[in-house]
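A.B. asks: Let's have the full structure, built from the sequences with the hints guiding it.
These protein sequences, in sequence, are chains X and L.
Using my numbering, read the first sequence as starting at 1 and increasing by one per residue.
Using my numbering, read the second sequence as starting at 1 and increasing by one per residue.
Incorrect hints may have been included.
Intra- or inter-copy, both count: the list cannot distinguish identical chains.
[Unchecked claim] Once the Cα atoms are required to be at most 20 Å apart in a straight line, the calculated EDC-like pairs of lysine to aspartate or glutamate come out as: (1) LYS105 / GLU377; (2) LYS105 / ASP371; (3) LYS7 / ASP85; (4) LYS312 / ASP298; (5) LYS145 / GLU256; (6) LYS105 / ASP373.
Everything labelled a hint here was simulated from the structure, so no lab data went into it.
A quick note: this is a predicted structure, and the numbers were derived from the prediction, not measured.
There are 2 protein chains.
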Amino acid sequence: MERTYIKELKNKAGQEVSISGWVDIRRDHGKLIFIDMRDVSGKIQCVTSAKNESAYAATNELRPEWVVTIKGKVSERPEKMVNKDEENGSVELQIEEVAILGRAKELPFELKTEINIDTYLDNLPLTLRMERGRVIFKIQAHIIKAFRNFLTQEGFVEIQAPKIIGEDAEGGANSFAIEYFKHTAHLAQSPQFYKQIMVGVFEKVFATGNVYRAEKHSTTRHLNEYTSLDFEMGFIKDHTDVMAVENKMLRYIVEELEKNCEKEIAHLEANLPSVPKNIPSVKLREAQEILKKEYEIDCENAPDLEPEHERKLCEYSKEKLDSEFIFVTHFPMSKRPMYTYEDEEDIGYAKGFDLLFRGLEITTGSQRVHDYDILVEAIKKKGLDPEKFAFYLQAFKYGMPPHGGIGLGLERLTAKLLGLENVKEATLFPRDLNRIDTLLSTDKLEQK
Amino acid sequence: MERTYIKELKNKAGQEVSISGWVDIRRDHGKLIFIDMRDVSGKIQCVTSAKNESAYAATNELRPEWVVTIKGKVSERPEKMVNKDEENGSVELQIEEVAILGRAKELPFELKTEINIDTYLDNLPLTLRMERGRVIFKIQAHIIKAFRNFLTQEGFVEIQAPKIIGEDAEGGANSFAIEYFKHTAHLAQSPQFYKQIMVGVFEKVFATGNVYRAEKHSTTRHLNEYTSLDFEMGFIKDHTDVMAVENKMLRYIVEELEKNCEKEIAHLEANLPSVPKNIPSVKLREAQEILKKEYEIDCENAPDLEPEHERKLCEYSKEKLDSEFIFVTHFPMSKRPMYTYEDEEDIGYAKGFDLLFRGLEITTGSQRVHDYDILVEAIKKKGLDPEKFAFYLQAFKYGMPPHGGIGLGLERLTAKLLGLENVKEATLFPRDLNRIDTLLSTDKLEQK
Chain X
1 MERTYIKELK NKAGQEVSIS GWVDIRRDHG KLIFIDMRDV SGKIQCVTSA
51 KNESAYAATN ELRPEWVVTI KGKVSERPEK MVNKDEENGS VELQIEEVAI
101 LGRAKELPFE LKTEINIDTY LDNLPLTLRM ERGRVIFKIQ AHIIKAFRNF
151 LTQEGFVEIQ APKIIGEDAE GGANSFAIEY FKHTAHLAQS PQFYKQIMVG
201 VFEKVFATGN VYRAEKHSTT RHLNEYTSLD FEMGFIKDHT DVMAVENKML
251 RYIVEELEKN CEKEIAHLEA NLPSVPKNIP SVKLREAQEI LKKEYEIDCE
301 NAPDLEPEHE RKLCEYSKEK LDSEFIFVTH FPMSKRPMYT YEDEEDIGYA
351 KGFDLLFRGL EITTGSQRVH DYDILVEAIK KKGLDPEKFA FYLQAFKYGM
401 PPHGGIGLGL ERLTAKLLGL ENVKEATLFP RDLNRIDTLL STDKLEQK
Chain L
1 MERTYIKELK NKAGQEVSIS GWVDIRRDHG KLIFIDMRDV SGKIQCVTSA
51 KNESAYAATN ELRPEWVVTI KGKVSERPEK MVNKDEENGS VELQIEEVAI
101 LGRAKELPFE LKTEINIDTY LDNLPLTLRM ERGRVIFKIQ AHIIKAFRNF
151 LTQEGFVEIQ APKIIGEDAE GGANSFAIEY FKHTAHLAQS PQFYKQIMVG
201 VFEKVFATGN VYRAEKHSTT RHLNEYTSLD FEMGFIKDHT DVMAVENKML
251 RYIVEELEKN CEKEIAHLEA NLPSVPKNIP SVKLREAQEI LKKEYEIDCE
301 NAPDLEPEHE RKLCEYSKEK LDSEFIFVTH FPMSKRPMYT YEDEEDIGYA
351 KGFDLLFRGL EITTGSQRVH DYDILVEAIK KKGLDPEKFA FYLQAFKYGM
401 PPHGGIGLGL ERLTAKLLGL ENVKEATLFP RDLNRIDTLL STDKLEQK
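C.D. replies: Below, the structure written as structure tokens:
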């Protein structure tokens with residue numbers, strides 16, 4: 001008999017069906033055994049009574065997380081047993097046959113239990129099966145799909161950027177070293193060089209992929225490996241063209257989630273933001289004035305914003321500017337990477353921006369230097385050797401248009417859209433200072 | 001004036017327009033200067049005569065690969081000057097104003113020149129601008145999009161798999177080591193563990209991303225970093241369910257390319273294959289008999305196929321079975337990774353397969369072991385320590401359905417679909433034994 005997905009059962013009362021999935025919960029009422037079955041589409045209560053000897057014996061053996069195929073008849077529940085809060089609350093499945101596909105050992109904890117983040121992460125192969133995890137990563141799949149669809153519609157071409165690189169675009173301090181045959185190579189902190197090079201080929205490109213930061217942080221917002229959503233576009237007027245595309249893209253992503261993930265968002269009790277047509281934008285120096293005036297925080301002349309400043313600025317933006325997003329532009333050139341374009345009308349400051357959302361920086365972007373000689377000078381100014389960037393520099397040697405782009409952290413965006421406190425909750429298998437799955441904590445890994 | 005994309009000019013005769021792009025070719029005829037301009041959408045011949053002093057002077061300065069905005073008037077070419085082979089062959093642009101956006105140094109070679117593969121790869125930021133490279137990677141973007149769209153339609157959920165891992169699913173010999181704070185970690189050779197774990201969550205998942213093989217090969221078919229297209233699906237009967245999905249997916253990809261990339265495919269003079277409804281399938285031992293009988297190649301009892309065998313088998317499949325694709329199943333268990341499912345009816349052989357296409361293996365797939373105890377034994381049998389796989393093993397400890405999946409190399413698929421001789425031509429920025437861009441050849445990289 002062909003498999004029926006569980007969510008379809010509410011319309012199958014009276015029919016014989018075969019379902020497959022996991023035993024979610026087992027309740028033994030003596031002469032009756034109830035099994036809640038779970039598949040990717042939903043849940044259903046199944047029941048057997050001692051009168052049906054073979055079905056009862058087979059059901060009796062089942063335990064949580066066993067994988068089974070159950071054949072049986074869908075029946076309407078008696079009026080007083082109807083559960084209106086559940087999708088299949090009006091029906092149940094009368095078990096006739098049970099076939100075991102996979103057994104499970106006893107669980108280390110009940111899947112309904114509240115557990116701390118470390119236990120959650122140590123047991124992801126099990127804990128991701130809970131509704132919460134499934135919902136988060138289903139939404140994340142929609143976010144990345146919407147990112148790609150939007151940019152494809154706008155004429156951007158997807159590229160596959162390498163992650164094994166020589167010198168890093170962002171400076172070497174935070175890059176992981178790898179042994180590459182007899183050489184030392186590095187893991188890319190971004191697809192920066194390659195997406196810029198590809199502007200010379202396709203004018204507008206995007207990439208989605210893993211990037212690496214060897215930062216010794218273990219916070220609720222840092223990851224050592226994450227998924228970066230990048231785009232880069234040529235023939236821009238300045239960085240504001242890039243900001244406008246990101247703004248439009250965020251509106252599109254939120255619309256797509258509203259359309260496709262209504263149930264998932266309701267389950268998380270998340271509030272999707274409204275993305276304004278024009279996200280407000282302030283220069284760093286203006287932001288610092290706001291912080292001083294509104295919150296008595298004195299950070300004038302600081303080259304960057306502290307996490308607390310980002311939170312306050314978002315609070316301000318939400319209350320006074322009616323936007324949960326705010327662009328901060330014109331950071332000092334000294335704090336930005338060598339490829340950043342200096343504002344000719346505000347010397348010392350970059351035509352670049354961070355995007356803050358609900359208290360957190362989710363994007364860094366800018367116009368980039370496109371003139372070869374200026375770029376060579378900028379590399380030297382950072383104390384780097386242009387010879388080491390000879391491959392990248394070819395793009396500029398042979399003609400590049402004004403261009404710019406952004407990198408957006410998929411996990412940070414997911415976490416903030418869904419109101420998750422820790423970015424690790426929005427990362428399938430997070431890597432941090434103390435974690436590669438459970439390997440760094442088990443001492444099984446060879447120490448250097 | 002707003003920018004007009006060049007491909008639209010054929011319908012704009014008589015109009016004033018502004019175009020932006022690269023100087024493709026410059027031809028100086030004394031009193032007339034011709035400039036072929038190129039943007040992402042196409043090419044157009046622009047012209048100025050000495051009579052228009054300022055336009056002539058500005059145009060006279062231009063050289064190949066300079067990036068410019070040109071304002072001018074589109075005019076019909078005289079009948080005898082019409083070039084029917086070009087999209088804009090019936091019009092040209094009378095240059096009125098030139099604005100320089102980016103200059104270029106003198107090119108190391110003319111972009112039309114035939115160059116060898118090393119020169120091509122050493123100069124990718126320039127050489128990718130040639131029609132051939134642009135066309136190949138535009139098609140590649142369509143392939144990966146079609147892969148994702150097909151699987152999404154079939155109910156698969158996209159996942160983001162980490163690449164920094166502890167122990168590797170495929171065995172450690174070919175994995176790159178990385179310094180991870182005070183530990184040694186590795187770069188994943190596949191998303192194998194994570195996609196299997198996620199079958200326990202979503203039943204059907206896919207992933208696209210970079211994977212790493214530290215193989216000391218430098219051939220036309222090996223890469224040390226490539227893009228792997230992976231899917232994994234639960235509740236299968238056996239490996240043939242997986243093969244059927246791959247078969248259907250390949251049909252979809254080829255259909256999408258026929259629909260969306262007609263011009264690009266014509267440019268490459270590529271012949272897309274017809275993908276049969278049922279790709280033929282032979283056991284390895286049957287394949288070896290065919291090789292003996294048809295080609296007098298004696299490889300009976302060999303545990304795998306040599307490249308020459310793969311080519312001959314494809315030749316046979318094309319001629320005798322009317323298919324450019326052929327599945328080879330039932331390799332010996334000793335040659336397959338520990339997670340491979342053994343055929344109960346053909347002990348010693350795997351419920352797994354390779355897919356050969358136009359002489360090359362492009363996919364490896366199989367049903368996987370889903371029983372915890374069997375998997376622990378299989379790990380031990382490979383001489384590995386199950387303790388090191390404790391995280392992965394959780395999925396099986398807590399109930400997994402029968403499942404299987406594949407990994408498909410994007411670059412190999414691209415190369416074979418398009419008739420490219422070297423897989424590096426289908427890789428944006430290939431990494432091999434001797435190449436990370438130009439860094440391994442310049443001795444600038446620190447030697448270990």
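A.B. asks: For each hint, tell me whether it holds in the structure or not.
C.D. replies: Each hint tested on the structure:
no., hint, verdict
1, LYS105 / GLU377, "between (63 Å within a copy, 16 Å between copies)"
2, LYS105 / ASP371, "between (63 Å within a copy, 11 Å between copies)"
3, LYS7 / ASP85, "within (14 Å within a copy, 56 Å between copies)"
4, LYS312 / ASP298, "within (12 Å within a copy, 75 Å between copies)"
5, LYS145 / GLU256, "both (9 Å within a copy, 18 Å between copies)"
6, LYS105 / ASP373, "between (65 Å within a copy, 10 Å between copies)"
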